[in-house]
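*Asks:* Spelled out from the first residue to the last, the chains are:
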Amino acid sequence: MTDLPRNQHIIASGLIACVGVSIAYISFTQEPADAFIFPRLISSVFAVLAIWTFVKAVLGRTKVGNGINGQAMRNMLPGLIVTIIYVYWAAKSLGFYTATTIAFFVLLSLYDPAPHSDIKSWGKRILITAGFMAVMYGLFAQLLNVFTPREIFF
Amino acid sequence: MDFLFYMGDVFTPINFGLLLLGTIGGLILGATPGLSPTMAVALLIPFTFQLEPQQGLILLGAAYTSTVAGGAVSAILLKIPGAPANIATTLDGHTMATKGEGAKALQLSFIASAIGGLFGVFLLIFLTPVLAQWALAFGPSHLFWLAILGVTVIGTLDSSSVVKGLLSGCIGLWLATIGFDDIMGAQRFIFHPAVSGGINVIPALIGLFAIPQVITMFTKGRSSDDAEIINVKKHPIRFAFAEVFKRKMALTIGTITGSIIGLIPGVGGQIAGLVAYDQSKKFSKESEKFGTGHSEGVIAAESANNAMVGPSLVPLLTLSIPGSPTAAVLLGGLLIHGIFPGPDLFMNYPQVAWTFIDSMLIGQLLMCIFGLYIAGLAASVARVPHAVMAAIVLGLAVFGSYSVQNSMGDVYVMATLGLAMYFLERFGFSAAPLVLGLILGPIAEANFIQGSMIANATVGTGTYFFTGWLNWLLILIVLASISYSVWMEIMARRYTTKDDAVAKEEALP
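In the order they appear, the protein sequences are chains A and B.
First residue of the first sequence? That's -3 in this note's numbering, and the numbers climb one at a time after it.
First residue of the second sequence? That's 308 in this note's numbering, and the numbers climb one at a time after it.
Don't take each hint at face value.
Stated by the list, open to error - Pairs of lysine to aspartate or glutamate, DMTMM-like flavour, derived with a Cα cap of 25 Å:
| no. | chain 1 | residue 1 | chain 2 | residue 2 |
| --- | --- | --- | --- | --- |
| 1 | A | LYS52 | B | GLU732 |
| 2 | B | LYS527 | A | ASP114 |
| 3 | B | LYS553 | B | GLU593 |
| 4 | B | LYS406 | B | ASP585 |
| 5 | B | LYS386 | B | GLU595 |
| 6 | B | LYS555 | B | GLU595 |
| 7 | A | LYS52 | B | GLU796 |
| 8 | A | LYS59 | B | GLU732 |
| 9 | A | LYS59 | B | GLU796 |
| 10 | B | LYS386 | B | ASP651 |
To be verified - For the chain A half of the interface with chain B, some residues (derived, Cβ under 7 Å), not all of them:
| no. | residue |
| --- | --- |
| 11 | PHE34 |
| 12 | PHE100 |
| 13 | GLY134 |
For the record, the hints were derived by calculation from the structure and aren't laboratory data.
The beta carbon of each residue, even a glycine, is placed where N, CA and C say it ideally should be.
Just need the whole structure built from these sequences, with the hints factored in.
*Replies:* Okay, here's the thing in structure tokens:
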């Protein structure tokens, strides 16, 4: 294992260990105690296993998990940012259909292998987005009668 | 013979229509690399809300069956397994296709899948009621240990690290405790209003299985799939039937291996296909031909991965313990309709249970018939660019999780769990035990509390939970599965170099 995954493993397992210990602490200190009997049982095992994993990571004995390399991170970052904005802000603020149309089109533009200089590829992306949104509207609004948050444009 | 009594219900227009839809849709989804059967079923659950329980289950069951078989299309024509269960199929299937025998390989795979699948569903039909009767004798302590067994078996057998598998199970069990406590009404771990009502299983399942796949597709960047679809020449179907029955040994080994592996919770189709392939090679008179485009390789692998579908549902329908991640998703599909599987499922909801099982029987035949005709279309769908697939799955995940309760909270839960799961997977954690923990957590807790109350009024907690042959047996299986996995891990490390391990992990989707 190179230094990069080792450091990543230490950070990841350290975070999990922090969560495990925090949950155990909350379980053993919160009242009413009777409501936390089962969480105490679970969190004790959770904390022990999480600390074990952390210690193994610190000692460099982690055997599985390759972490994330720089190239993969660079590739995923734009998509991840679009996803986060779409899910946590745009879907509610702009409305589901508006936000999904924008997010879908942006993701296609970011990751579609067709060259951006090709006008035809843009037409294809617009068509695919429109087709997908038509299917989504038909399925969720017409067939399943799902009431989504109010749209910003209509 | 109750299953015959309810067979007619499968052929009502709506039920049969849904069966067809699930089968054809499943075949196409299964051929799409990156869309696993579990994820396909999870994304379909929101569409079952407005259906009757048996209709919803027919759709989900058909999708489960045919996604496993559909994965063979891309395995054979593109050398990309549609699902982990089809890895063994690529070994001989793709070589056959490159030799101009693509149609024959597809026909063999669908016929073998149908035969294996039918055997597996018959096993489900005959084993389930017997085990369900036996399970009626289970008390709270046994059900508690069974739930723990479900989490530990999947945690240890489905993960490449025992400790990380068990830790994933613990994370799932903890997530299940979030929300209001059922008995005292106390708030537990409510750190955001979105989880005040607890974590809804369906958005969680969608997030845990779909979002990591979406991000994995992002990591491939703007690359296009260079895989070339091999042209399929016509091949008379009667010769394929004759070939399958001529290769009886491979078919029998595949079917029996798949059925046995399906019954063991936590051991999935990927292992069934590979073990059956390996065993067939050992017992074959033409073992040297394996890997060079030999029909026995395709027959063994495909009969095995579909034979495990039926038996993998036995623990779910009898003990309410899902034996696989896809079974866990099906459990979610049952729970949203207020149906809790277990020993009394066949007494309280015989129509739902038997119509579902019967539909799986008919679904195997439909899968064989349609599989042969739409293989070309499915292979074309398999070449849909990653960008389109990622955007479609993301959109479906957001709409699907919102539609569960018309709540943005569910969308946030779905996305947060999905994002966290992607990073956890990169560090060796697995989604399956986490999902099992999330689903079995409430069962484990309810029976633990109930058992503790009985124990306090009678023999004491230690005696109640740790005595009696059935408790011992279950504890023994828990310990045995952990010990076996630790032993296997040590052996694997002893005989595997670090480079091998890294290469193996890099090969994972």
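*Asks:* All the hints need checking, so say for each whether the structure fits it.
*Replies:* Status of each hint after checking the structure:
no., hint, verdict
1, A:LYS52 / B:GLU732, "17 Å, holds"
2, B:LYS527 / A:ASP114, "21 Å, holds"
3, B:LYS553 / B:GLU593, "13 Å, holds"
4, B:LYS406 / B:ASP585, "23 Å, holds"
5, B:LYS386 / B:GLU595, "21 Å, holds"
6, B:LYS555 / B:GLU595, "18 Å, holds"
7, A:LYS52 / B:GLU796, "15 Å, holds"
8, A:LYS59 / B:GLU732, "13 Å, holds"
9, A:LYS59 / B:GLU796, "10 Å, holds"
10, B:LYS386 / B:ASP651, "44 Å, violated"
11, PHE34, "4 Å, holds"
12, PHE100, "5 Å, holds"
13, GLY134, "12 Å, violated"
Violated hints for the displayed structure, listed by number in ascending order: 10, 13.
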